[in-house]
Amino acid sequence: MKRRLGWLSFLLGIGLAAAAACAAPIGYQAVSRDAFPVFDDPEMLSAEEAERDGVIYPRDPIIGVYYGGEAKAYPITIMGVHELGNDTIGGIPIAVSW
Amino acid sequence: MYDRRLNGKVLSFGHAGILYKKSFVMYDRSTESLWVHVTGKAEVGPLKGQQLTFIPSTITTWSQWKAAHPKSLVLPGYRRGGFMGTYKGATRPNPFGLAVFVDFKAKLYPFKELQQHEIVNDRFRDTDITIAYLPETNTAIAWKRHVNEQSLTFTWSGQKDEHGSNALLKDQETGSHWSAMTGAALSGELQGRQLEQLQHYPILMHRYHAFYPEGDVFD
Numbered sequence: 001m002k003r004r005l006g007w008l009s010f011l012l013g014i015g016l017a018a019a020a021a022c023a024a025p026i027g028y029q030a031v032s033r034d035a036f037p038v039f040d041d042p043e044m045l046s047a048e049e050a051e052r053d054g055v056i057y058p059r060d061p062i063i064g065v066y067y068g069g070e071a072k073a074y075p076i077t078i079m080g081v082h083e084l085g086n087d088t089i090g091g092i093p094i095a096v097s098w
Numbered sequence: 099m100y101d102r103r104l105n106g107k108v109l110s111f112g113h114a115g116i117l118y119k120k121s122f123v124m125y126d127r128s129t130e131s132l133w134v135h136v137t138g139k140a141e142v143g144p145l146k147g148q149q150l151t152f153i154p155s156t157i158t159t160w161s162q163w164k165a166a167h168p169k170s171l172v173l174p175g176y177r178r179g180g181f182m183g184t185y186k187g188a189t190r191p192n193p194f195g196l197a198v199f200v201d202f203k204a205k206l207y208p209f210k211e212l213q214q215h216e217i218v219n220d221r222f223r224d225t226d227i228t229i230a231y232l233p234e235t236n237t238a239i240a241w242k243r244h245v246n247e248q249s250l251t252f253t254w255s256g257q258k259d260e261h262g263s264n265a266l267l268k269d270q271e272t273g274s275h276w277s278a279m280t281g282a283a284l285s286g287e288l289q290g291r292q293l294e295q296l297q298h299y300p301i302l303m304h305r306y307h308a309f310y311p312e313g314d315v316f317d
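If you read the sequences in order, they're chains V and L. In terms of this note's numbering, the first sequence opens at residue 1 and continues consecutively. In terms of this note's numbering, the second sequence opens at residue 99 and continues consecutively.
Hints are computed from structural coordinates only; laboratory data are not their basis. Please note that a few of the clues may not be correct.
Stated by the list, open to error - Rough simulated footprint, nothing fancy, chain V against chain L, three-plus residues with beta-carbon under 8 Å: (1) 118 to 132; (2) 207 to 217; (3) 302 to 315.
As the list claims (entries may be wrong) - Across the chosen pairs, the derived CB separations fall in these ranges: (4) D40/V <-> D224/L: 51 to 57 Å; (5) G256/L <-> I92/V: 14 to 20 Å; (6) Q248/L <-> V31/V: 47 to 53 Å; (7) R52/V <-> D224/L: 31 to 37 Å; (8) P144/L <-> P58/V: 44 to 50 Å.
Said to hold, decoys possible - Partial list, derived from the structure: chain V residues whose beta carbon lies under 7 Å from chain L: (9) L45; (10) R52; (11) V55; (12) G64; (13) G68.
What you are looking at is a predicted structure, and each value in this text was computed from that prediction instead of being measured. In this text, a Cβ means the ideal position worked out from N, Cα and C, and glycines have one as well.
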């Protein structure tokens, strides 16, 4: 009986330590900070280049933004790599997140 | 999508690696405050309580987008490199809805309802809005339907534009034709006028309820 309690408290200890290690001020720390490669002011491709290089196909889902006379498309599969990016559109700074 | 300007400064963001209600959290590199990317609100740190301004964006297919914006630029990368995340809108739309924002208050339009109506003329927080839904590409877009001190009531025109795009709306008041993708009046009495796009994004319904427990739902 004593031995079993020992094991239980041991497991509880591991659990608490793990919880403490994952604790964050909000939510929980799933991966380390900056584990996702956030992009900054990326060099964009023209529509022709993107299609020619196989970056994008007609049925691919994208996040599109049109602002200040400028249009940009962020393919969702590629956003899945970055999750987040800093860019500009029509001269104003934007954050793109997926 | 957010405007990175806040109180006269430009923020830049990194990935905090934190999950909150199953969505990631970002931090701004100058104050290291933590921002929930779904809401654009800072929840921890010196900027706690601040709200980023939305920049309206649209989730659609490349073909639908390119027909409206032939000169659109494209973010490069490895097409098969990433995850789709939880978005399966094109094949599994039912658990998703379109969250639409007026004055940072949310209303959800379930895709199930949008598929049934194809266009919804609604009023939310004293604003007349229309949600246009294109079933072929499972694209939903929300616009303010107030132009020239006049509220417009939209239907699908059933016609195609010169690019072969099916995304043509008609207003019942003047019979003008509008692009559902750009919000521009292409012909008729109101030609040259522009609708204002509302912030909106598709979101899993249960996640919407987690982030916006007070949020409205269209039914």
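Right, here's what the structure says about each hint:
Counting residues of the segment 118 to 132 of chain L whose CB lies closer than 8 Å to any CB of chain V gives 7, which reaches the minimum of 3, so the coverage claim holds. Using a Cβ-Cβ cut-off of 8 Å, 0 residues of the segment 207 to 217 of chain L lie near chain V, which falls short of the minimum of three, so the contact claim is violated. Counting residues of the segment 302 to 315 of chain L whose CB falls under 8 Å from any CB of chain V gives 0; the rule of at least 3 is not met. As the Cβ distance of D40/V to D224/L is approximately 39 Å, the hint placing it in 51 to 57 Å is violated.
For the pair G256/L and I92/V, the beta carbons lie near 37 Å from each other, so the given range of 14 to 20 Å is not met. Checked against the given bound of 47 to 53 Å, the beta carbons of Q248/L and V31/V, roughly 51 Å apart, stay inside it. A hinted range of 31 to 37 Å for the beta carbons of R52/V and D224/L is inconsistent with their spacing of about 48 Å. At roughly 45 Å, the beta-carbon separation of P144/L and P58/V lies within the given 44 to 50 Å, and the hint holds.
A hinted interface residue such as L45/V counts as satisfied when its beta carbon comes closer than 7 Å to some beta carbon of chain L; here the least separation is about 5 Å, so the hint holds. Restraint check, R52/V versus chain L: the minimum CB separation of about 11 Å is more than 7 Å; hint violated. At a threshold of 7 Å, the smallest CB-CB gap from V55/V to chain L is about 6 Å, leaving the interface hint in force. This hint holds: G64/V has a C-beta 4 Å from the nearest C-beta of chain L, less than the 7 Å allowed.
Annotation: G68/V was flagged as interfacial toward chain L, and the flag is violated, the nearest CB pair being 10 Å apart, outside 7 Å.
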